[in-house]
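Numbered per the numbering used here, the sequence shown spans residues 73 to 230.
Fair warning: there could be bad hints in the mix.
As the list claims (entries may be wrong) - Straight line, CA to CA, 27 Å or less: simulated DSS-like cross-link-like pairs of lysine-lysine:
no.	residue 1	residue 2
1	K136	K165
2	K120	K165
3	K136	K120
4	K120	K195
5	K138	K165
6	K120	K138
7	K223	K136
8	K223	K120
9	K223	K195
10	K138	K223
11	K138	K195
Please keep in mind that the hints were generated in silico from the structure rather than gathered at the bench.
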Amino acid sequence: AAGVNNEGIRSGVREFRAVEHRLEFVARVNGVDYYNDSKATNVDATVKALESFPANIHLILGGKDKDSDYRALIPLLQQRAARVYTIGAAAEKIESHLRGSNVEVERAETLAHAVERIHRNAKSGSIALLAPACASFDQFDSYEHRGRVFKELVSELG
73 AAGVNNEGIR SGVREFRAVE HRLEFVARVN GVDYYNDSKA TNVDATVKAL
123 ESFPANIHLI LGGKDKDSDY RALIPLLQQR AARVYTIGAA AEKIESHLRG
173 SNVEVERAET LAHAVERIHR NAKSGSIALL APACASFDQF DSYEHRGRVF
223 KELVSELG
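Please take these sequences and the hints and turn them into a complete structure.
Below is the structure:
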């Protein structure tokens, strides 16, 4: 295999770390796996994140709206989301776009409150996913800052 032995390949796979803020596994808390995809700053990126998990997703959506149509998320949310938690300036718009879709939506306002609500609501085997489909500039300096805060909040749950 191009001059690489099997042990080298196994070692590389074992030591591989995902790119920070892109479907980054953060922790398992009470059987719930938390993922940071703060880089998902548009609807298409959030669709890709949702496609990565089969079901029972507790999704954090929101931030600063980028003139997006969140209705494009409805089919995947209906199939895979346990609940959507809206945060930030786009929360009201997201909620209006999802209204009537039978997707469970809860206003959380802040990232801290969303993480707290997921910690209370999500059952073992669920996925907690920050893939906000929005820019971060309403509450954070950057998507990196938002992702770091998410990871800190999750680490405080344990």
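Each hint tested on the structure:
1. K136 with K165: holds (11 Å)
2. K120 with K165: holds (21 Å)
3. K136 with K120: With Cα atoms ~20 Å apart, K136 and K120 stay inside 27 Å; holds.
4. K120 with K195: holds (23 Å)
5. K138 with K165: holds (11 Å)
6. K120 with K138: holds (18 Å)
7. K223 with K136: Holds, at about 20 Å.
8. K223 with K120: It holds: about 21 Å lies between the C-alpha atoms, which stays within 27 Å.
9. K223 with K195: holds (19 Å)
10. K138 with K223: It holds: about 24 Å lies between the C-alpha atoms, which stays within 27 Å.
11. K138 with K195: Distance ~32 Å between K138 and K195 Cα, so the pair is violated.
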